[in-house]
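S.K.: Let chain D serve as the given structure and place chain B on it in line with the hints.
For reference, the chains in residue letters:
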Amino acid sequence: MRGSVAIAGVGLAGCGEAPGWTEMEIAAAAAKNALDDAGLTPQDVDGLVIASTNIFMSGLALAEHLGVRPRFTESSMVGGSSFVGHLIPASLALNAGLCDTVLVAYGSNQRTGVGRAEAGKYKMALDPQAFEHPYKPFNPPTSYALATARHMHQYGTRREQLAEIAVAARQWAQLNPEAFARDPLSIDGVLSSRMVCDPLTVRDCCLVTDGGGAYVLRRAEQARDAPKAPAYLLGVGAAHWHRQISSMPDLTVTAATESGQRAFEMAGLGPQDVDVVELYDAFTINTLLFLEDLGFCEKGEGGAFVSGGRIAPGGPLPVNTNGGGLSCVHPGMYGIFLIIEAVRQLRGEAGARQVQDAAVALAHGNGGVLSSQITALFGTQDTL
Amino acid sequence: MEPSGRGTVYSTTVVRRRPADGGDYNVCLVDLAEGVRMMSRVVNVPPAEVKIGMAVQARITEGLVEFTPA
Numbered sequence: 001m002r003g004s005v006a007i008a009g010v011g012l013a014g015c016g017e018a019p020g021w022t023e024m025e026i027a028a029a030a031a032k033n034a035l036d037d038a039g040l041t042p043q044d045v046d047g048l049v050i051a052s053t054n055i056f057m058s059g060l061a062l063a064e065h066l067g068v069r070p071r072f073t074e075s076s077m078v079g080g081s082s083f084v085g086h087l088i089p090a091s092l093a094l095n096a097g098l099c100d101t102v103l104v105a106y107g108s109n110q111r112t113g114v115g116r117a118e119a120g121k122y123k124m125a126l127d128p129q130a131f132e133h134p135y136k137p138f139n140p141p142t143s144y145a146l147a148t149a150r151h152m153h154q155y156g157t158r159r160e161q162l163a164e165i166a167v168a169a170r171q172w173a174q175l176n177p178e179a180f181a182r183d184p185l186s187i188d189g190v191l192s193s194r195m196v197c198d199p200l201t202v203r204d205c206c207l208v209t210d211g212g213g214a215y216v217l218r219r220a221e222q223a224r225d226a227p228k229a230p231a232y233l234l235g236v237g238a239a240h241w242h243r244q245i246s247s248m249p250d251l252t253v254t255a256a257t258e259s260g261q262r263a264f265e266m267a268g269l270g271p272q273d274v275d276v277v278e279l280y281d282a283f284t285i286n287t288l289l290f291l292e293d294l295g296f297c298e299k300g301e302g303g304a305f306v307s308g309g310r311i312a313p314g315g316p317l318p319v320n321t322n323g324g325g326l327s328c329v330h331p332g333m334y335g336i337f338l339i340i341e342a343v344r345q346l347r348g349e350a351g352a353r354q355v356q357d358a359a360v361a362l363a364h365g366n367g368g369v370l371s372s373q374i375t376a377l378f379g380t381q382d383t384l
Numbered sequence: 385m386e387p388s389g390r391g392t393v394y395s396t397t398v399v400r401r402r403p404a405d406g407g408d409y410n411v412c413l414v415d416l417a418e419g420v421r422m423m424s425r426v427v428n429v430p431p432a433e434v435k436i437g438m439a440v441q442a443r444i445t446e447g448l449v450e451f452t453p454a
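Protein chains in written order, with my numbering: chain D, 1 to 384; chain B, 385 to 454.
I should point out that these hints are in silico values taken from the structure, not numbers from a laboratory.
Some clues are possibly wrong.
[As the list claims (entries may be wrong)] Just a few of them, taken from the derived set where beta-carbon distance is under 8 angstroms, the chain B residues facing chain D:
1) M385
2) R390
3) T397
4) V398
5) R402
6) V411
7) R421
8) S424
9) I436
Backbone N, C-alpha and C fix where the C-beta goes; we use that ideal spot for every residue, glycine too.
In isolation and in its complexed conformation, chain B is listed as follows:
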């Protein structure tokens, strides 16, 4: 099966981190269109603007699956 890379944010949080250590970042759970849930992050958007229900699209960055708003 060829995965579509489409998904929906099931839940999301902003992990708070000092700016000196790289600043805040997103951690979320994404339900893939194929019915599997995974932990990941949504990038290309400020971490607090990632919302539950948001449609997202997978991409692979340095060997890791991450998402951008669809």
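This is chain D alone, in the form it adopts within the complex:
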């Protein structure tokens, strides 16, 4: 599978606030931008992939909206990691010759449309979780707060170290004109913000925005026809061990230990080969756990690893170069934005935040409450 498919186009739409736009309109606008970027039209699309937290039969809805008649439709839903996970069935379908051009799209209007709180009431009724809901966890923050507290207890990780992650994300966002939160942010500013679930303040938590994204995946030889340099898929791996936080075996170790290893094995690469890292930072603890679990540092050393601006602009390891879910965009499921930023970095079109000579990029998706973990590695032509 290594190098057999590549991303030929990426696009964003409605990031930040998109009042009056439906989820499907945002997804379709992002799809149009990704197809334009790939030099293609909706008529070229014969594989369609989408995941939604709200829309029933989202694949049928998007096809109807775009006016396409796909041969391959896929809507696996494993939370925010879904769009990284979609690389797996999409690659298999392309390599089997079931289709030639797969469009993966996402849209959400959770900031200005129906809000999380309102939608949450219905979801609680439709999907009761008998062993957690009676205790009123304010999820997702409560589950991530429990993981954070345990990591602090077990490894001596400090809130200041977690705040470094939020500050680094903000510094990257300040280099990205498309990022939503670009005001200066200090470590003290993170620590003194409103507490949501101890020890997480609102600045340890991702943004709540609208937004959509899309990418176009093709077999490598066809992706080379695109106007932009293809970003080749070098490796991808998935793993999940639980859904609810009370079923997570060890709150300091995620299934990224397995997904990362699988992706690195397929790619024939290791953490030392990665030039730019995009991690699903729903909360500051995510970045720390994934750096450990993907092998960028030892278990328990994440706090020291991120300290002193080491993942911020100018630091030795560029992490979440668009500003991440903490400061760029987070419409509920961030996974697709990891891939879009990885591709932009590999193309060298990331402007002021461009990582010099980026040849290998890692995109790591997280879904649920540290539940679904999916890692992808992309590379330039030179890495094949």
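M.R.: Just chain B now, kept in the frame of chain D:
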């Protein structure tokens, strides 16, 4: 097997809530002596004073298992 009701706090958080809505409350994960982990809450102590490693004892209140410091 008769459960002992004994447990140890594995992790804990305070969910912040406006006083008008009932104020802050505890949510935690408890490892039962029998080896099972569950979500619950520790009561009879301010939510921020629930600590990881704390020994706790189960009781049933309005059909729900909750814990008090042992």
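S.K.: Run every hint past the structure and note whether it holds.
M.R.: Structure-based check of each hint:
1. At about 19 angstroms, the closest approach between the beta carbon of M385 (chain B) and any beta carbon in chain D exceeds 8 angstroms, and the interface hint on this residue is violated.
2. Checking R390 (chain B) against chain D: minimum C-beta separation of about 18 angstroms lies over 8 angstroms; hint violated.
3. Interface hint at T397 (chain B): satisfied, since its Cβ lies 4 angstroms from the closest Cβ of chain D, which is below the 8 angstroms cut-off.
4. Among the interface hints, the one on V398 (chain B) holds; its C-beta lies about 4 angstroms from the nearest C-beta in chain D, closer than the 8 angstroms criterion.
5. The interface hint given for R402 (chain B) is broken, as the beta carbon of that residue sits about 11 angstroms from the closest beta carbon of chain D, more than 8 angstroms.
6. Taken as an interface hint, V411 (chain B) checks out: its beta carbon lies about 5 angstroms from the nearest beta carbon of chain D, inside 8 angstroms.
7. Taken as an interface hint, R421 (chain B) checks out: its beta carbon lies about 6 angstroms from the nearest beta carbon of chain D, inside 8 angstroms.
8. At a threshold of 8 angstroms, the smallest CB-CB gap from S424 (chain B) to chain D is about 6 angstroms, leaving the interface hint in force.
9. Because the closest C-beta pair between I436 (chain B) and chain D is about 5 angstroms apart, less than 8 angstroms, the hint holds.
When held up to the earlier numbered hints, the structure conflicts with 1, 2, 5 and fits the remainder.
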